[in-house]
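Residue numbers (the numbering used here), protein chains in the order written: chain A, 9 to 102; chain B, 51 to 142.
There is no bait here: all hints are sound.
Simulated DEER-style distance windows between Cβ atoms:
| hint | chain 1 | residue 1 | chain 2 | residue 2 | range |
| --- | --- | --- | --- | --- | --- |
| 1 | B | 82 | A | 94 | 24 to 32 Å |
| 2 | B | 141 | A | 92 | 39 to 47 Å |
| 3 | B | 136 | A | 25 | 48 to 56 Å |
| 4 | A | 58 | B | 116 | 30 to 38 Å |
| 5 | B | 140 | A | 77 | 45 to 53 Å |
| 6 | B | 106 | A | 60 | 33 to 41 Å |
| 7 | B | 87 | A | 91 | 26 to 34 Å |
| 8 | B | 117 | A | 97 | 25 to 33 Å |
None of these hints come from the bench; they were simulated from the model. Backbone N, C-alpha and C define an ideal beta-carbon position, used for all residues, glycine too.
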Amino acid sequence: MKLGRVIGRVVSTQKLEVLQGIKLLLVQPLNEHKKPIGDALVAMDPVQAGEGDLVFYESSKEAAQAFTTWFQPGDVAIFGIVDDVNVEESETKG
Amino acid sequence: MILAKVVGNIVSDRKIEDYKSLKMLILQPIDPDGNPTGKTTLAVDNVQAGIGDTVLMMDEGGSARMLMEEPEIFTIRAVVAGVVDSITRDVD
Chain A
9 MKLGRVIGRV VSTQKLEVLQ GIKLLLVQPL NEHKKPIGDA LVAMDPVQAG
59 EGDLVFYESS KEAAQAFTTW FQPGDVAIFG IVDDVNVEES ETKG
Chain B
51 MILAKVVGNI VSDRKIEDYK SLKMLILQPI DPDGNPTGKT TLAVDNVQAG
101 IGDTVLMMDE GGSARMLMEE PEIFTIRAVV AGVVDSITRD VD
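With the rest of the complex left out, here is chain B (with noise of 0.2 Å):
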């Protein structure tokens, strides 16, 4: 899984029957700080994630699917896991 931060969301009216009931959103990788890294990419909500929250993404279709209520969506592969409350840094 990755850090991120939820920077915003996508509507979308028209788009696969998969698709119909799902939120999506715009998410920006952090490192453990929470500086910026790459490149913005978009997942699945699962856990009701809102604008500036820290979260967990997963990248990986067939783990992300099983965090869904239908399993069996197979066009899933990047799903918001949790929202992150902290972030401890044992070692600098």
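So that you can see chain A by itself, here it is in the shape it has in the complex (with noise of 0.2 Å):
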């Protein structure tokens, strides 16, 4: 799982049966500052996550198993809304 932020949303009409009436936000993934790293991806959102929302999510197999459905087909999705994150500042190193 990684951490990251809920920076848009994604529409699109003409789409596979299988992703029809799935929401879909554009993630940007964040180190545990919340200081954005690499670049957004699309990810499938179960939880009802809205803009700016810290999120945490998978982008493996086991995204497909996210939703109430037996099996989703898709790579990224949001596993829940984060709304604390605790580092012990001596931790880490950059």
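Using the hints, build the complex out of the two chains.
Put into structure tokens, the structure is as follows:
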């Protein structure tokens, strides 16, 4: 899992049947200090996150299990909205 | 498995049902000498590790889920599998 921030939405009308009804959000990966790292991803959202929310997500086959349906084809899914990130400052270098 | 140091944790109230009772840690991968390598990542804590602990992290869903009390939580991929007491290097 990784930390990320919702920075936008992706709307797609013409898409495969399996993706119908699946909300897609743009997620910017963050490090433990909430600083952006790497490129933004398009993630499926089963938790109704909103723009600006801090979230944790998974980008692997496990993402396909995040919905109540047995298997939702997809490679990135938001798992939850993060309320707090606690980091011991002395434990991190850069 | 990789060696990592626990540098923090995250708190999340609204999340998928699978993660309702799980504790999540922020891990910094380290080399055998304890120096940080690469980016931090999140993992489910299965051994009651705390901040500052050196731990073993298994990042392969199938095996990681086998370590859990409920192995059928299919959204789990990365799990803290143990707290490391010591690392001995025989060759430099």
